[in-house]
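Chemist: As you go down the protein sequences, you meet chains A and B in turn.
Per this note's numbering, the very first residue in the first sequence carries number 3; after that it's consecutive.
Per this note's numbering, the very first residue in the second sequence carries number 24; after that it's consecutive.
Treat the hints with care, as some may be off.
[What the hints assert, rightly or not] Chain B is faced by these chain A residues, among others (derived, beta-carbon under 7 Å):
1) Asp83
2) Ser117
3) Ala118
4) Tyr122
5) Ala125
6) Ser128
7) Val129
8) Val131
9) Leu135
10) Ala142
11) Tyr145
12) Ala154
[Stated by the list, open to error] Some residues of chain A that are not near chain B, with every Cβ distance over 10 Å (derived):
13) Gly52
14) Leu124
15) Glu161
16) Ile192
17) Ile286
Hints in this document: simulated from the structure, not taken from any laboratory.
Here the structure is a predicted model, which means the values were calculated and not measured.
Ideal Cβ placement from N, Cα and C applies to all residues, glycine included.
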Amino acid sequence: MIQQFAVEIPYWGQSLLRVVGGLVAVLLPAGTIVYLFLFKMMSFMQSRLGPMEAGPFGSMQLFAEVGKWLQKEDIIPENADARIYKIAPIIVLVSTFLLVVVIPFGPDAWFTNFSAGVFYALAIGSVSVIGILVAGWSSANKYSLLGGLRAAGQLIAYELPMVLAVVGVVIQAGSMNLQDIVMAQNTGEIFGWSGIGFPFVLTQFVGFLIFMIAVQAELTQAPFDMPIAESELVSGYMTEYSGFRFLMFFIGEFATAGVFALIASVLFLGGWGIPFSWFGWESIDQVDNWMNIAGPLIMFTKMMVLTGIIMWVRFSYPRFREDQLQRFAWKALIPLSLANIAVTAIVKVVV
Amino acid sequence: MSALLAAEVNVAQNVGFYIIAALMVYGALRVVSTRNVVHAALWLVVVLGGVAAQYILAAAEFVAVSQVMVYIGAVMVLFLFGIMLTRATIGAETDLNNRGWGVGIPVAGLLLAVMVWAVIDEFGSSVIEEPAAPMATTAISDVFLREGLVPFLALSFVLLAAAIGAIVLARKD
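Starting from the given sequences, assemble the full structure and let the hints guide the process.
Modeler: The following block contains the structure:
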């Protein structure tokens, strides 16, 4: 795959590139999201300045925060189940790293080209629930346990609409491979006009809305922040965590926001591609090499727009009540996404 | 041993298989020997994850992902959820064994013997060709939506009936 570059990269070099690329693809979005949205956008929406002291416009605040967390003591409650208490944040963070593995960033810039890519992403996305559940349980704290249970109930409920919303895209693209889904959108045409390709958000707008709502709930961002509700559960499953392990949960939360935004941009917004008709490309083999550089930048831009929307909603709406939350998932989102699948399948067969 | 190191055999794959298999056996033993229900459930996660890894080694990507989605993502989460709703004690418990546990050993031994005999009798001398590429997902869907369609629909119907039955039994009002 990499022979198309001017230099031949040996296998170990490719592996090293992939590992470093994975770290960048998880940590860079997380840092940018935290600074830009959590520090600055939230502050402006609440009529305050946010961090201003560390660096120009407080841009070094992030490093100060990380340094602060790293030097804090890693406290384990006396009655806690110490071993599981220590493992839980690692499970959550590792599931984020495993999630980024299937996302394509360019014609050759992918980590692994998995034929069941979408399915893999959805499956791995559900592994973090185990980490959250055992984090709540092993803390030996009733608020933590309640938070863990609420998180599990919520994540199970919102995983279904998420999977069902993606099925519409899979039917339309005719593939579960994320690279193929990007291809289908950028080589497509709308009634013979190929000026903007055919991003699936146009036909799958309902699916896109359901997916973004489900992402919001999976990330436990407000208005779906019942599990960490700081005013009633004092941060739920994270209550007892401090220092480095809290930092891992924190990075996991925002990195997962970035990764889910990347997945949404691949599924609905055309991914790394630009409409192929602009340059006369017809298949993935004809795509120029510079797309391997431009692709990640395009993906990053789309990710920032989508996470911007996620955070905007987060800062704007009050928290759902538990029964409203469950009723919304089971009685509104799931029937709607089933109807979306049925309509998509019928249209696919008829057209 | 020579059969495992023969030229046409992928040695790395065999080594991987036995490492994962050893981990799975250890995990399975811990599931039944640990004194805490939540620990048992987590060891079961290790075992099921090992199964998914073995599927990957056998170039069955889709089955491996299904394994993670269904068993780790759904079944084990519901398991843990149920355990934590009912008995969430931390530390060792003493009353986990019931009186008939001795009967389980011969039953498990017999089951193991029957399964080993069945597998060796049927596949003992056959060698599976090393696949050139992972099984395409479309090939799987073609099989179970054509030849396997009737059993697939029948299974879906049984599951639906079971789900509705569970709701009817659980709802008293």
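Chemist: Take the shortest C-beta to C-beta distance between A/Asp83 and chain B; is it under 7 Å?
Modeler: Check passed: Cβ of A/Asp83 comes within 5 Å of chain B, closer than 7 Å.
Chemist: So is A/Ile286 really clear of chain B, every C-beta pair being over 10 Å apart?
Modeler: 17 Å, holds
Chemist: Classify the hint on A/Tyr122 as holds or violated, based on whether any CB of chain B lies nearer than 7 Å to its CB.
Modeler: 5 Å, holds
Chemist: Run the C-beta distances from A/Leu124 to all of chain B and say if the shortest one exceeds 10 Å.
Modeler: Non-interface label on A/Leu124 violated, nearest chain B Cβ at 7 Å vs cutoff 10 Å.
Chemist: Checking a non-interface call: every C-beta of chain B should be farther than 10 Å from the C-beta of A/Gly52. Is that right?
Modeler: 37 Å, holds
Chemist: Against chain B, run the beta carbon of A/Leu135 and see if the smallest gap drops under 7 Å.
Modeler: At 5 Å from the nearest chain B Cβ, A/Leu135 passes the 7 Å test, so the hint holds.
Chemist: Was the hint right that A/Ala125 lines chain B, CB cutoff 7 Å?
Modeler: 4 Å, holds
Chemist: Are A/Ser117 and chain B close enough, Cβ to Cβ, to be under 7 Å, as the hint says?
Modeler: With a minimum Cβ separation of about 5 Å from chain B (threshold 7 Å), the hint on A/Ser117 holds.
Chemist: Can A/Ala154 be said to touch chain B, with a Cβ gap under 7 Å?
Modeler: This hint holds: A/Ala154 lies near chain B, its Cβ roughly 5 Å from the closest one there, short of 7 Å.
Chemist: The hint names A/Ala118 as touching chain B; please verify it with the least Cβ-Cβ distance against 7 Å.
Modeler: 5 Å, holds
Chemist: Mind checking the CB of A/Val131 against every CB in chain B and telling me if the closest is under 7 Å?
Modeler: 5 Å, holds
Chemist: Answer holds if the nearest beta-carbon of chain B is closer than 7 Å to that of A/Ser128; otherwise answer violated.
Modeler: 3 Å, holds
Of the numbered hints given earlier, the model fails hints 11, 14, 15; all others are met.
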